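Those protein sequences? They're chains A and B, same order as listed. Quick note on numbering: the first sequence equals residues 129 to 415 in our numbering. Quick note on numbering: the second sequence equals residues 5 to 333 in our numbering.
Misleading hints may appear alongside valid ones.
[To be verified] Below, in silico cross-link-like pairs of lysine to aspartate or glutamate (DMTMM-like), each with a Cα-Cα straight-line distance of 20 Å or less:
(1) K143/B with D251/B
(2) K143/B with E392/A
(3) K315/B with E326/B
(4) K315/B with E220/A
(5) K206/B with E220/A
(6) K313/A with D302/A
(7) K143/B with E389/A
(8) K313/A with E289/A
(9) K313/A with E208/A
[What the hints assert, rightly or not] One side only, chain A facing chain B, incomplete, derived with CB under 8 Å:
(10) G229
(11) G236
(12) F278
(13) V282
(14) A363
(15) V367
(16) C404
Hint data in this document are derived by calculation from the structure and do not stem from the laboratory. Only a predicted model underlies this, so the values are computations on that prediction, with no experimental measurement involved. By construction, the Cβ of each residue, glycine as well, lies at the ideal position given by its N, Cα and C atoms.
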Amino acid sequence: MQTVLSIAVDALAYGMVLFVISIGLSVTMGLMRVVNLSHGAFAMIGGYIASYAARDMGIGYAAAVILAVAGTIVIAIPIERLLYRRIYGAPELAQVLMTIGITFCIIGIANYVFGPTLKTIPTPEALRHSVSLGFRTISAHRLFAIGSGFAVAVGLWWFIERTAFGVRLRAAVDNAAMAAALGVKTQVVYAVSFAVAVGLAAFGGVVGAELLPIEPYYALRYMVTFLVVVSVGGAGSIVGALGACLLLGGIDTTGRYLMPEFGEFFFYLAVIAIVCLFPRGLIGRTN
Amino acid sequence: MSLVNHVGDRRARLNRDAIGAIAIIAVAVCGYFLFPNNLALLTRVTAIALLVLSIDLVTGYCGVATLGQAALFGAGTYGAGIAAVHFGITDPIVMLLIGVAAGAVAGLLSGFVVLRAHGLPQLVLSIALVHLAHEAANKASGWTGGSDGLSGITPDAIFGVYQFDLWGRTAYAFGIVILVVVFLVLRQLVRSPFGMLCRGIKQDPVRVRAMGASVHGTLIRMYAISGAVAGAGGALNAISTQVVGLDSLSFTLSAEALVMLVLGGTGSLYGALAGTLAFIWFEDVVSAANPFHWLTIVGALLIAVVLFAPKGLYGSTAAYLERRARKQA
Numbered sequence: 129m130q131t132v133l134s135i136a137v138d139a140l141a142y143g144m145v146l147f148v149i150s151i152g153l154s155v156t157m158g159l160m161r162v163v164n165l166s167h168g169a170f171a172m173i174g175g176y177i178a179s180y181a182a183r184d185m186g187i188g189y190a191a192a193v194i195l196a197v198a199g200t201i202v203i204a205i206p207i208e209r210l211l212y213r214r215i216y217g218a219p220e221l222a223q224v225l226m227t228i229g230i231t232f233c234i235i236g237i238a239n240y241v242f243g244p245t246l247k248t249i250p251t252p253e254a255l256r257h258s259v260s261l262g263f264r265t266i267s268a269h270r271l272f273a274i275g276s277g278f279a280v281a282v283g284l285w286w287f288i289e290r291t292a293f294g295v296r297l298r299a300a301v302d303n304a305a306m307a308a309a310l311g312v313k314t315q316v317v318y319a320v321s322f323a324v325a326v327g328l329a330a331f332g333g334v335v336g337a338e339l340l341p342i343e344p345y346y347a348l349r350y351m352v353t354f355l356v357v358v359s360v361g362g363a364g365s366i367v368g369a370l371g372a373c374l375l376l377g378g379i380d381t382t383g384r385y386l387m388p389e390f391g392e393f394f395f396y397l398a399v400i401a402i403v404c405l406f407p408r409g410l411i412g413r414t415n
Numbered sequence: 005m006s007l008v009n010h011v012g013d014r015r016a017r018l019n020r021d022a023i024g025a026i027a028i029i030a031v032a033v034c035g036y037f038l039f040p041n042n043l044a045l046l047t048r049v050t051a052i053a054l055l056v057l058s059i060d061l062v063t064g065y066c067g068v069a070t071l072g073q074a075a076l077f078g079a080g081t082y083g084a085g086i087a088a089v090h091f092g093i094t095d096p097i098v099m100l101l102i103g104v105a106a107g108a109v110a111g112l113l114s115g116f117v118v119l120r121a122h123g124l125p126q127l128v129l130s131i132a133l134v135h136l137a138h139e140a141a142n143k144a145s146g147w148t149g150g151s152d153g154l155s156g157i158t159p160d161a162i163f164g165v166y167q168f169d170l171w172g173r174t175a176y177a178f179g180i181v182i183l184v185v186v187f188l189v190l191r192q193l194v195r196s197p198f199g200m201l202c203r204g205i206k207q208d209p210v211r212v213r214a215m216g217a218s219v220h221g222t223l224i225r226m227y228a229i230s231g232a233v234a235g236a237g238g239a240l241n242a243i244s245t246q247v248v249g250l251d252s253l254s255f256t257l258s259a260e261a262l263v264m265l266v267l268g269g270t271g272s273l274y275g276a277l278a279g280t281l282a283f284i285w286f287e288d289v290v291s292a293a294n295p296f297h298w299l300t301i302v303g304a305l306l307i308a309v310v311l312f313a314p315k316g317l318y319g320s321t322a323a324y325l326e327r328r329a330r331k332q333a
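Start from the sequences and build out the full structure, keeping to the hints where you can.
If you want it as C-alpha cells, here you go:
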C-alpha cells in the first residue's frame, strides 16, 4: 500500500510538470494547428534564464521565475513574427522541418552561451524542506509543482472559456476569415496565444527543472515526450492534456519503480495502445 | 496519335530513369576517387539513402508522415546480423535477402499500427514504434547483444570472388549496385498503376475509396515494400560495418532521415537521394569546420530551406528549371 501511495505521489508530481510544459504545446497545436517541435526549446530557454538569474545574479526564486517567463516571451515574439508566421497553414512536413531547424539553432546557441553542463536552479528555503504526508515525506518543491499544475489548468480554462479574448481566440481558430471580417485582429490573437504558450513552456521548464534537468539537449531529449502527451490527450483540450499527463506520468513512474530494467518499453506500449483506441486523443477537438 | 505520344512519353521516362542511374554511378565514381580514405562513410551514405528512399515511398507517395522508419532499417540490420552470428549464414547476398525479408515483415506489422491514426497521432504512433523496437532489442540481449551490439559478422566474398577488403572498396561497390537496382525498380513501381493509386490516396483517400479501391490494403502493401527497401539499407549497413548496434534502431536516425527527405524534396525519389547526399555532406563539412556551431548552422540551413525552397532542394530546382524552360518555349 505504501509503495502504491509513493508511486502515486511521484506520478502526480511528474504528470503535473509534464502538464505545465506541454499544455502550451497543446494550445499551439490544437488551436493554431502548428506542429511545434521547438516547444521544448522554449522550456529550456526559461530554465536557463531562471538558472542564470537565481544562481549567477543572486535574484530570488519568485523573481527569477517571472524573469524567465518574461524573457522567454521576449525572445519568442520575434521568432514568431519572422518564422512561425510563415508556416501557419503550411504542410505538416514543412512545419516539422522549420521547427526542428529552430530547435537545432537554439540548442547550438545555448550550448555556446551557457556551456554543456547541467544547470541547477537554486530553490528558496521555503521549498527546500520536506513535508510529511504520513506514509512518506516529500520535498515541498514537488508539492509546489503539483499546485502549479492545478493552478495553470484552472487559469488556462478560465482564460479560454470565460474571457473576451478566449472568445476571439476560439472564433479565430474555427474560422479565421470570418473572425477577421467581424473585426477580430487574428494576427494579434495568434501572437498573444503564442506568447501564452511559450510563457507556460518557460514556467514549466523552471518548475520542472528538478525532474527534467536543464541541459543543452533538453529540447531534443523531451521533444517526443511532450508530443506524445499532446497527441494522447488530444490537441487543444485542457482536460484531455491533464488526463494524458496523469495517465502517462503514472505509467512511466510505475514502470520505473517496478521494472526499471525495461526502460521505456511499457510507456511506449501504452502509448500505442491508447492512440490506437483513441486516434483523436482522449478528448480531441473534432475538426 | 495518342498511342504515339504514349510510347514517346514512356521512352522519355525510361531515358530519364537511365540518366538518374547514370548520375548515381557518376557521383559514386567521383566519391571513390575524391575520398578514397572515406569509403566507409560513403557506404553509410548509401545505406542511409536506401532508408530515405523508403520514407519517400510512404511519405512522398502516400502522404503518411512517419518518424519511425528506423525500426524497419533496424529490422534489416538485425535480421542480417542475427543470421550471420547465430545461424552462420555469411553469404552477403543471402544476408541481404534476409534483411529485405525482415524489413518487409516489420513494414507489414508497423503498417497495421501506424495506419490506425492520422496526422499527429500517426506521427506519435511511429515514434512509439521505433522506441519500442529499440527497447525490445536492448532487452533481448541473448539475440541482439543488447547495448554491446552484435560483432563478429564476417561476410564471405561476393559470388566467392570479391572479398570484403580493409578499405571497404567491395562494400562500397556492393552498396552502389544495390542502390542503383533499388532505384530503377522503385521508379518502375511508382509509375505503375499501383504507384498511381498511392498518389491518388495521398490527394484524396475518400474519392479513391468511392472508386472502389482499398485504401488501407494499398497503403499496407506500400508499407511492406518500403520496409523491404529500408531492410536492404539495414542489411547493407550490417554487411559493410560488420557490427550491428542499437543506433540503427534509434529515433534520431528516423528523424534525421525524414529531415534529409524533406530537405531534398518528397515524391520524386531523386529528392531523397539529393537530400541524403546534401545533408550528410553539409553536416560533415560544417562539423569539421566548426565543431561548436555545426548544429546551429544545420538548423539555419533547415529554416532557410523552408523559407526559400519549400519544395526541397531537388523539387525547387526542378520547378525553377521547368519555369525557365516554359518561358523560353
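For each hint, the structure was consulted:
1. Annotation: proposed proximity of K143/B to D251/B holds, straight-line Cα distance about 14 Å (limit 20 Å).
2. A threshold of 20 Å between alpha carbons decides the hint, and for K143/B with E392/A the separation of about 11 Å falls inside it, so the pair holds.
3. The hinted pair formed by K315/B and E326/B meets the criterion: a straight-line CA distance of about 14 Å does not exceed 20 Å.
4. For the hint linking K315/B to E220/A, the alpha-carbon distance of about 13 Å falls within 20 Å, and the restraint holds.
5. A C-alpha spacing of about 14 Å is found between K206/B and E220/A, which places the hinted pair at or below 20 Å, so the restraint holds.
6. Of the supplied pair hints, the one linking K313/A and D302/A holds, its CA atoms being roughly 14 Å apart against a limit of 20 Å.
7. Restraint check for K143/B and E389/A: the C-alpha separation of about 8 Å stays at or below 20 Å, so the hint holds.
8. At most 20 Å may separate the alpha-carbon atoms for a hinted pair to count; K313/A and E289/A meet this at roughly 19 Å.
9. Distance hint between K313/A and E208/A is fulfilled; the C-alpha atoms sit about 16 Å from each other, no more than 20 Å.
10. At a threshold of 8 Å, the smallest CB-CB gap from G229/A to chain B is about 3 Å, leaving the interface hint in force.
11. Given the 8 Å rule on beta carbons, the hint for G236/A holds: about 3 Å separates it from the nearest Cβ of chain B.
12. Given hint, F278/A at the interface with chain B, is violated; its Cβ is 26 Å from that chain's nearest Cβ, farther than 8 Å.
13. Hint on V282/A is violated. Least Cβ distance to chain B is approximately 26 Å, over the 8 Å limit.
14. Interface hint at A363/A: satisfied, since its Cβ lies 6 Å from the closest Cβ of chain B, which is below the 8 Å cut-off.
15. The beta carbon of V367/A comes no nearer than 18 Å to any beta carbon in chain B, farther than 8 Å, and the hint placing it at the interface is violated.
16. A distance limit of 8 Å between C-beta atoms decides the matter here; for C404/A the minimum to chain B is near 5 Å, and the interface restraint holds.
The structure fails to meet hints 12, 13, 15 from the earlier list, while all remaining hints are met.
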